[in-house]
Amino acid sequence: MPATSLNAVGLSLNDCIKCNICTSYCPVSQVTDSFPGPKYAAPQSERFRDFGHPFYADDAGPISRTLAAGRMPDASVDFCSGCRVCNEVCPTGVRIAEINARARARIAAARGLSLRNRLLGRNELLARVGSIAPGLANFLLHNPLSRRLADALFGVAEKAPLPRWHNETLNRWLSRTRAQRLRSQQKVVYFHGCATQYYEPFVGIAAILVLEHLGYEVIVPPQNCCGLPMLSNGEFSAAEGYHRRNVARLIEFVNAGYPIIGTSTSCTLTLKEEAPELLDLENDADVRALKLATWDIFEWLRDRLDQGRLPSDLRPLHQSDRPFILPYHAPCQLRAHRIGKPALDLLARIPGLDLRESHARCCGIAGTYGYKTEKYQIAMDVGAELFDYVAAQSAASDREAAGSLSFTACDSETCRWQLEHGTGIPSRHPIELLAAACGLYDLQARRPADAN
Amino acid sequence: MAGVLDLLVIGAGLTGLFAAYTAARAGLRVRVVARGAGSTHWHAGTIDLLGYLPNGQDAVANWAQALPELPPAHPYRLLGVDAIAQALDQFQRLVAAAGLPYVRAGGGMAFTASSPPEDRNLQENDPAEQFDDPRLGQNGALISPVGAARPVYLAPAAQQAGNLEDDRPLLIAGLDGMPDFYPALIAENLQRQGRLARSASLPLDQLTERRDRSPLHLARLLDRPAAQALLTEMVVNAAAPGERVGLPAVLGLNDHARLLEKIDRALAARDPDTAQTPDRRGACAAVFEIPTLPPSLPGLRLDTALRARLDRLGVRVEIGMEVCGFHATGRRIHWIETETGSRPLRHTARNYLLATGGILGGGIHGDRCGHVKETVFDLPLTAPQTRAQWLRPLFLDKRGHPVFRAGVSVDHRFLPLDRSGAPVYDNLWAAGAVLAHTDPIRERSREGIAISTGCAAANAVVRGQQL
Chain V
1 MPATSLNAVG LSLNDCIKCN ICTSYCPVSQ VTDSFPGPKY AAPQSERFRD
51 FGHPFYADDA GPISRTLAAG RMPDASVDFC SGCRVCNEVC PTGVRIAEIN
101 ARARARIAAA RGLSLRNRLL GRNELLARVG SIAPGLANFL LHNPLSRRLA
151 DALFGVAEKA PLPRWHNETL NRWLSRTRAQ RLRSQQKVVY FHGCATQYYE
201 PFVGIAAILV LEHLGYEVIV PPQNCCGLPM LSNGEFSAAE GYHRRNVARL
251 IEFVNAGYPI IGTSTSCTLT LKEEAPELLD LENDADVRAL KLATWDIFEW
301 LRDRLDQGRL PSDLRPLHQS DRPFILPYHA PCQLRAHRIG KPALDLLARI
351 PGLDLRESHA RCCGIAGTYG YKTEKYQIAM DVGAELFDYV AAQSAASDRE
401 AAGSLSFTAC DSETCRWQLE HGTGIPSRHP IELLAAACGL YDLQARRPAD
451 AN
Chain S
1001 MAGVLDLLVI GAGLTGLFAA YTAARAGLRV RVVARGAGST HWHAGTIDLL
1051 GYLPNGQDAV ANWAQALPEL PPAHPYRLLG VDAIAQALDQ FQRLVAAAGL
1101 PYVRAGGGMA FTASSPPEDR NLQENDPAEQ FDDPRLGQNG ALISPVGAAR
1151 PVYLAPAAQQ AGNLEDDRPL LIAGLDGMPD FYPALIAENL QRQGRLARSA
1201 SLPLDQLTER RDRSPLHLAR LLDRPAAQAL LTEMVVNAAA PGERVGLPAV
1251 LGLNDHARLL EKIDRALAAR DPDTAQTPDR RGACAAVFEI PTLPPSLPGL
1301 RLDTALRARL DRLGVRVEIG MEVCGFHATG RRIHWIETET GSRPLRHTAR
1351 NYLLATGGIL GGGIHGDRCG HVKETVFDLP LTAPQTRAQW LRPLFLDKRG
1401 HPVFRAGVSV DHRFLPLDRS GAPVYDNLWA AGAVLAHTDP IRERSREGIA
1451 ISTGCAAANA VVRGQQL
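These protein sequence lines are chains V and S, in that order. Residue numbers are given in our numbering: position 160 of the first sequence equals residue 160, and the series is strictly consecutive. Each number in our numbering comes from the position in the second sequence (counting from 1) with 1000 added on.
Careful, some of the hints might be misleading.
What the hints assert, rightly or not - Computed footprint of chain S on chain V; a stretch qualifies when at least three of its residues, placed anywhere within it, have a C-beta under 8 angstroms from a C-beta of chain S: (1) 84-91; (2) 268-278; (3) 330-339; (4) 414-422.
Don't read these hints as lab results, they were simulated from the structure. Note that the coordinates shown come from a computational prediction; the quantities given were computed from them, not determined experimentally. Don't be surprised by glycine CBs; every beta carbon is placed ideally from N, CA and C.
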């Protein structure tokens, strides 16, 4: 049983001034009565769970308790999607979403975990098994009967946008194209995450092509799931194992001074902050070193831009003299990095691109949340704000620009799937847009421009 | 980032957003960073200029005339009546163009019409209002959430009909199951002040099945036409002829003006004879909102209006960014850093505006040892020397508490000063509740200080850029 100390997460509840700003912005409590809102679920309730009491002392130290101890959190905390909008707007820095994540972990530690949540937490395992025979796996998972069964038996929502396996994993593409890969003195490490490895290798390919275009050799070391799906589902001990394995695999590169760059905003957030903070590993030197070496890819590119080290030979994405309207949604998991919206800074340099930023709070899916039968509709209702925004831009595109909206853009994979599900319009990672603007990538077919 | 910013505003409350607006409209490249959403969200949404003088017991009737009685170092004294009036005028144009008109709360407000939102684009560029207006500075009195009289200068049009200069009898109508709004208490307090007032409670069961009926939930619900029709019917049934109806400020997030108008029209249609004091629409404004505890819809609406306007001006407002450091050589700040999930993020600009608020907003922090600190640049503060001097024994002491006067001293350009009276930095400005020599809570001057000093500091930055 892991123990967590009362670090910055727990103590931050004392900074709550009950201003209700989090409740005003919580996208989940807006659409459902099942979740009472961040203020009630986190700082207000945590105060009464003796687990969080700063003066509680026992043998393990003054402020440390095993997860299962203390008063049990109310089950409604399970309806927090973990989007972290509350953290973003909180004027006093309360770690609301993290308090909720720990509360879920305490429920899981005391009462166990459903098979469904266990499976969703292990999506890497499912993805790996499926990738052995992607065609078969896609058939087994995506036929209507299986979806109905999965809904009835496990509680995996029938209509939720499950991804499809790609016929080639990123690793297989890398070994197939090994001879073409750039060798250079300047090196970066790429953390692809599970979705890129198994479902969307083209996002990784776009990233590698851009990085190589800039003169960097891209190292893709063995790595495993960042553990976020387990953290969200309250399975902390398993998540700790995953995180420690990633640290062990990446630390030599970190020590060599290479940046760890990711295209999945939730994986990079987990490496940076969620795993160290939730699992109380912030004092571990290697964990801390990895935290400080991890970058979102656009955060890193923007840093190069600030140093004047990015090429300016970007070409339009569209053969037209009218602006190319493209709605961009900065996902909650990116906003939780607190690095601003670096993709906007970079993509603004693509000629003729009229990038329109959605101010929607959340697409609803929140990792594994929207895949759960009892939460599917909540996720769709939360996403309505974003879907409506895209629809409005689509209408504007019909009016002002050349033809209908071709794409939306979003940095996070599950959010892109939800966006496509909610709007019917294909969605792209901003790195795909940048790769296309560099002439390296076919945005429509999602493969390298020279089709290798 | 591509292209250097002219101004980086720290803080996204009314001060920071209005300063950003002022500077961006003058053509500067501006960005706003803030630790969290601004304290606008707690506000009653009114623009309070000066309700009480530091040692005065009675409400200020006219703030413009009361200005000379303020201490010489008070921000209003640095500005003078004209600069304050000009800033307010800009503010009124901005919100009117955003479809959220503000009107004078007192002094024959029916004549201080702001045009309907249709002529949006004209509005912001109209010639300035006449400053020799004899009613300039005249406060009105609106009803507080417990039924006390609040001295207010500008109010959202939705609160207009609650003015206590008006002697029509009042019906305070609450909504069943809505927390923290007590119509009977409000009516009782109004009666004690000699008003004709009674209370009613409107059933909500037909409107919502939710148990959690926060102001925001109710407001979103009341943006829907069906809910608007139902509420209109309930209000018409509850109100007696000739009565004004005060409702909690939950009448819609995006569409409250339409609902107010619907109810007004329904009441006027029912009692055509008793319609009095026609307002600019020619109808009798008989319904108004009373601010609630947070989440406060009038504050949220104001924040939304300002943010939408900034978005159109290309000003990005980055929420969730807390400043954790800065780099300066001599009297020049080169960059500030905000905390992230990993390494600090550097922000570079030519000028920086500190709009982080006072103790409540987080711009000033007091610790258990009695140290009072400005949280971003550690600027010198005027503050009581020891913790024992922070507070008076009575929480609601009319003189306020000494620690709330703590703040940053500035010169007439709003550059923070060191103890010798010289600017600490040449490119750092300060505005809003972080300023010294004012206690905005006690004075009821929060929004007036925010708008007038935010505007003045931004104008000073603009002038500096033009040199």
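(request) State whether the coverage of the region 330-339 of chain V by chain S holds or is violated, taking the criterion as 3 or more residues with Cβ-Cβ distances under 8 angstroms. (result) Three-residue rule met by the region 330-339 of chain V, so holds; n is 5.
(request) Take the region 268-278 of chain V, compare each residue's beta carbon with every beta carbon of chain S, and decide whether three or more fall closer than 8 angstroms. (result) With 3 residues closer than 8 angstroms to chain S, the region 268-278 of chain V meets the three-residue bar; holds.
(request) Count residues of the region 84-91 of chain V with a Cβ under 8 angstroms from any Cβ of chain S, then say if the count reaches three. (result) holds (count 5)
(message) Is the coverage entry for the region 414-422 of chain V by chain S consistent with the three-residue Cβ rule at 8 angstroms?
(response) With 0 residues closer than 8 angstroms to chain S, the region 414-422 of chain V misses the three-residue bar; violated.
Violated hint for the displayed structure: number 4, the only one.
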